[in-house]
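K.L.:
Each chain is listed here by its residues.
There are 2 protein chains.
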Amino acid sequence: MVKTFIQSASNARVKEIRKLRDRKNAKSSPLFYMEGSRIVGEAIACGDVIETLVVAPELIRNDFARGLIADAQRANIEIWELSAPAFESVSIKDHPQGIAALGRKRTYEFSDLNADGGIFLALNAVADPGNLGTIIRTADAVDCRGIILIGDSANPYDPNAVRASMGAIFSGKIVKSSYDEFLIWRNRYDIKLIGTSDSAEKDYLEIEIPNPVIIMMGSEREGLTERQLTDCDDVARIPMLRSSDSLNLAVATGVMIYQAYNMQRGYRLRK
Amino acid sequence: MVKTFIQSASNARVKEIRKLRDRKNAKSSPLFYMEGSRIVGEAIACGDVIETLVVAPELIRNDFARGLIADAQRANIEIWELSAPAFESVSIKDHPQGIAALGRKRTYEFSDLNADGGIFLALNAVADPGNLGTIIRTADAVDCRGIILIGDSANPYDPNAVRASMGAIFSGKIVKSSYDEFLIWRNRYDIKLIGTSDSAEKDYLEIEIPNPVIIMMGSEREGLTERQLTDCDDVARIPMLRSSDSLNLAVATGVMIYQAYNMQRGYRLRK
Numbered sequence: 099m100v101k102t103f104i105q106s107a108s109n110a111r112v113k114e115i116r117k118l119r120d121r122k123n124a125k126s127s128p129l130f131y132m133e134g135s136r137i138v139g140e141a142i143a144c145g146d147v148i149e150t151l152v153v154a155p156e157l158i159r160n161d162f163a164r165g166l167i168a169d170a171q172r173a174n175i176e177i178w179e180l181s182a183p184a185f186e187s188v189s190i191k192d193h194p195q196g197i198a199a200l201g202r203k204r205t206y207e208f209s210d211l212n213a214d215g216g217i218f219l220a221l222n223a224v225a226d227p228g229n230l231g232t233i234i235r236t237a238d239a240v241d242c243r244g245i246i247l248i249g250d251s252a253n254p255y256d257p258n259a260v261r262a263s264m265g266a267i268f269s270g271k272i273v274k275s276s277y278d279e280f281l282i283w284r285n286r287y288d289i290k291l292i293g294t295s296d297s298a299e300k301d302y303l304e305i306e307i308p309n310p311v312i313i314m315m316g317s318e319r320e321g322l323t324e325r326q327l328t329d330c331d332d333v334a335r336i337p338m339l340r341s342s343d344s345l346n347l348a349v350a351t352g353v354m355i356y357q358a359y360n361m362q363r364g365y366r367l368r369k
Numbered sequence: 099m100v101k102t103f104i105q106s107a108s109n110a111r112v113k114e115i116r117k118l119r120d121r122k123n124a125k126s127s128p129l130f131y132m133e134g135s136r137i138v139g140e141a142i143a144c145g146d147v148i149e150t151l152v153v154a155p156e157l158i159r160n161d162f163a164r165g166l167i168a169d170a171q172r173a174n175i176e177i178w179e180l181s182a183p184a185f186e187s188v189s190i191k192d193h194p195q196g197i198a199a200l201g202r203k204r205t206y207e208f209s210d211l212n213a214d215g216g217i218f219l220a221l222n223a224v225a226d227p228g229n230l231g232t233i234i235r236t237a238d239a240v241d242c243r244g245i246i247l248i249g250d251s252a253n254p255y256d257p258n259a260v261r262a263s264m265g266a267i268f269s270g271k272i273v274k275s276s277y278d279e280f281l282i283w284r285n286r287y288d289i290k291l292i293g294t295s296d297s298a299e300k301d302y303l304e305i306e307i308p309n310p311v312i313i314m315m316g317s318e319r320e321g322l323t324e325r326q327l328t329d330c331d332d333v334a335r336i337p338m339l340r341s342s343d344s345l346n347l348a349v350a351t352g353v354m355i356y357q358a359y360n361m362q363r364g365y366r367l368r369k
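Just so you know, the sequences run in chain order S and R.
Residue 99 is where the first sequence starts when you use our numbering, and the numbers rise one by one after that.
Residue 99 is where the second sequence starts when you use our numbering, and the numbers rise one by one after that.
Source of the hints: derived by calculation from the structure; they are not laboratory data.
Treat the numbers as computed from the prediction; the structure is a model and nothing was measured.
Be a bit skeptical, because a hint or two may be false.
You can't tell identical chains apart in this list, so a pair holds if it fits in one copy or across any two.
[As the list claims (entries may be wrong)] Straight-line alpha carbon distances no greater than 25 angstroms define the calculated DSS-like cross-link-like pairs of lysine-lysine that follow:
hint: 1; residue 1: 271; residue 2: 191
hint: 2; residue 1: 290; residue 2: 191
hint: 3; residue 1: 191; residue 2: 117
hint: 4; residue 1: 101; residue 2: 203
hint: 5; residue 1: 113; residue 2: 101
hint: 6; residue 1: 203; residue 2: 125
hint: 7; residue 1: 300; residue 2: 271
hint: 8; residue 1: 300; residue 2: 101
All chains should be modelled from the sequences, with the hints used to inform the complete structure.
P.N.:
Here is the structure:
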């Protein structure tokens, strides 16, 4: 285990971390930045995620974070010990708590997905990293077998997405794909594709959800494209009253994938 | 209709707006700050919300925002026209679009709630304004008759809450209350109180949800207190697989209140 002490905010390694703030760099880098004891703790517990632990002992105020440093040392994880000013220069928090990490991204292909059963989630061009992380967290709770990010998606390793995922990013199988590639995979395994739209005729409770199934959700602003809606075997509408014309994407996705999960665990509708 | 031109970021009115950034001031002020053409448009459409429209014509890039200024003029709303630097000094956005507003908060008491029917939502010490706004948006979609904020709650008029509510904040009946006051109201009308906990025995689908009903959700970190759980007529568990031990609060609330809404519109899921 190597411990490196870094005093200056202009140190080359510190600069490398700061570069990950740029959205383009964050997308293309094989590494991602996470900050805060809770998410770092999840990453250490998962094993095989953290490349480097980044700490500023002067800023650390709680024993949980100190315990994490000891855990990382036992796990032979490399540690960079930064001065408070150096840490503050990389921090994305208003009140840095002195613990962060660089993780290695995991990439999955369609061939990594087992299409035999379960719920798959396809997201078309989701824009907001916080929404995406929250969706990854919910998908984990229903044992989602794969999340397909179609088109120009937010980066699931954006620090806000990682934080919102509460660690589910470390175990979820996330595949980036064009819509055409996605369709080829779905057609090969003939998995029922259910989309959502607020102008769909069928109430989401009236749709038979088989096993396996793909639930496809549109982007925050545009929803699904006309072509995507046409390709769906069924399109579900989540009913809304009063002046509402849409739900938050993470909430709508939660309602839909819990309905899929409920059907797959044997619940059926009675009116 | 009065139009006031303000050049300097140190103008007294501009300072008043900036003061609303401070959480304490934002909570105690009868006014709240909102920014962006979408939310300002919702507020103008609602009528009787906006006290002052705050614009920076130099920064405005889209016709929708220009149309809103015309709408506000027709509605006799006072307009402050700021220089770009003055607007940037109050803006909460990275790329200000030049349109914002000061709104008048609405306050409701328990006596404003009609306890005859529908869904009520009680939130114990919700901490995150974005979660709160998202919940207010979802509650609107199921025609929630009242949202009770118990204890030390995030400010529903925090700019992030207002934005996440997508305008639902302007029509929702939100009551701030201590837990004891809330219990007195609930006992007076004898409304069934359903809480949630990840260690509850009953699956949320197995709980009979009557009309009216109160769904009570705990804070992000602590959930409901022991006392609150004891006071509930039923406590529901949203099942979670894999390593998940909780859902995002806005997602969990969405799943619960859609279940209540589905039951109230006559749907039952049975095994």
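K.L.:
It remains to establish, for every hint, whether it holds in the given structure.
P.N.:
Verification of the hints:
no.	hint	in the structure
1	271 <-> 191	neither (28 angstroms within a copy, 33 angstroms between copies)
2	290 <-> 191	neither (42 angstroms within a copy, 41 angstroms between copies)
3	191 <-> 117	both (16 angstroms within a copy, 22 angstroms between copies)
4	101 <-> 203	within (23 angstroms within a copy, 53 angstroms between copies)
5	113 <-> 101	within (18 angstroms within a copy, 48 angstroms between copies)
6	203 <-> 125	within (10 angstroms within a copy, 41 angstroms between copies)
7	300 <-> 271	neither (30 angstroms within a copy, 30 angstroms between copies)
8	300 <-> 101	neither (59 angstroms within a copy, 49 angstroms between copies)
In this structure, the hints that do not hold are numbers 1, 2, 7 and 8, in rising order.
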